[in-house]
Structure formats: C-alpha cells, structure tokens
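There are 2 protein chains.
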Amino acid sequence: MSLETLSGQSEKAYALLQEDAEKILKLIEVQMTNLTMPQCPLYEEVLDTQMFGLSREIDFAVRLNLINEEEGKELMDKLERQLSALHESSMEQKEKSQ
Amino acid sequence: MSLETLSGQSEKAYALLQEDAEKILKLIEVQMTNLTMPQCPLYEEVLDTQMFGLSREIDFAVRLNLINEEEGKELMDKLERQLSALHESSMEQKEKSQ
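Quick mapping for you: the protein sequence lines, in order, are chains E and P.
Numbering-wise (the UniProt record's numbering), the first sequence opens with residue 1 and increments by one.
Numbering-wise (the UniProt record's numbering), the second sequence opens with residue 1 and increments by one.
A hint or two may mislead.
For chains that are exact copies, the list does not tell them apart, and a pair is met inside one copy or across any two.
[Said to hold, decoys possible] List time: in silico DSSO-like cross-link candidates among lysine-lysine, alpha-carbon distance up to 30 Å:
(1) Lys12 <-> Lys94
(2) Lys23 <-> Lys73
(3) Lys73 <-> Lys96
(4) Lys78 <-> Lys23
Hints are computed from structural coordinates only; laboratory data are not their basis.
Can you build the whole structure from these sequences, using the hints too?
If you want it as structure tokens, here you go:
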C-alpha cells in the first residue's frame with residue numbers, strides 16, 4: 001500500500017461526505033417533487049435513515065481524525081438547513097397550486 | 001496535522017468497523033432478550049437502520065481505500081451470520097420455554 005499523508009485523506013474524506021450530503025438532498029428533492037407528500041411517514045423514514053447513515057459516516061471520519069467534530073457538525077447542520085428550506089419551498093408551491 | 005501512513009489508518013478503520021459491527025450485535029442481543037420479539041416490526045426497523053449505518057461506514061472506508069471491497073463485504077456477511085445465529089437460538093429458547 002502506498003504512503004499517503006493523512007492530510008490528503010482528510011480532504012478526500014471531507015469531499016466524499018459533502019457528496020453524500022448532496023446526494024441525500026437530491027434524493028429528498030426528487031421524492032418531494034414526484035413521489036410522496038412530506039407528511040407521508042415513508043418520506044420521514046427515508047429521510048431519517050439517510051440522515052442516520054450520513055451521521056455514521058461522519059462519526060467514523062471523526063474517529064479516524066480525518067475531519068474534526070466541528071466540521072462534522074457543520075456538515076449535518078448545513079444539510080438540515082437545506083432540507084428544511086426545501087421542505088418550506090415545497091409547501092409554498094403546493095399552497096399556490098391549490 | 002501529523003503525517004501518518006495510509007496503512008496505519010487502514011488498520012484503525014478496520015478495527016473501528018469491527019467494533020461497530022460488534023455493537024450492533026450487542027444491541028440486537030439486548031433487544032431480543034429484554035425488549036421486543038424478533039417478529040416485532042420495530043425490531044426489524046432498528047436492525048435495518050443499524051445495518052444501513054454500518055454499510056454506509058464500510059462504503060465510505062472503501063471509497064477512501066482504507067479497506068478493500070472484499071473486506072467490507074466479509075464484515076457485513078459475518079455480522080449477518082452472527083445475527084441469524086442469534087435469532088435462531090432466541091427462537092429455540094422461546095420454544096423450549098413454552
């Protein structure tokens with residue numbers, strides 16, 4: 001196995017986590033637009049499971065000292081803010097279309 | 001940030017994943033003995049969510065080249081075998097006690 005600095009791994013880890021957060025956001029966006037209502041329990045379950053998965057990845061990266069706890073917390077917080085904005089705009093759209 | 005070889009990180013990553021698999025096994029063991037029946041949907045949900053979390057960690061470690069795909073697959077397979085043995089022995093115990 002080749003030698004690599006921990007710092008290079010850190011950058012890669014952070015980029016992967018951002019990608020994964022991005023994927024969750026896209027998944028929820030698609031779900032909101034096409035599949036189910038945000039009030040649907042299935043929607044909540046998918047979201048909770050996905051958020052749990054990402055939190056496990058972040059926790060794992062923190063334990064490997066690839067990212068620090070603060071960075072991990074920010075990643076989760078940012079995704080939560082984005083999801084909540086998405087949820088609100090989807091609600092507004094539905095109200096307008098009624 | 002200190003320099004560390006990728007190989008040291010790999011070992012640590014693998015050990016952490018094994019620990020996490022061990023934790024899931026313990027959690028399910030406690031649930032089986034004390035809380036709910038294995039037929040209970042809540043039990044299935046907890047197990048599925050936990051397995052999903054571990055699979056996200058493993059996938060993340062694979063993408064960082066910390067473990068290879070084969071090692072990741074083996075970790076999941078081993079845990080699944082252990083859970084299934086646990087499930088069977090719990091069923092046998094319940095049958096005996098009836």
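Results for each hint:
no. : hint            : in the structure
1   : Lys12 <-> Lys94 : neither (39 Å within a copy, 49 Å between copies)
2   : Lys23 <-> Lys73 : both (18 Å within a copy, 23 Å between copies)
3   : Lys73 <-> Lys96 : neither (35 Å within a copy, 48 Å between copies)
4   : Lys78 <-> Lys23 : both (13 Å within a copy, 29 Å between copies)
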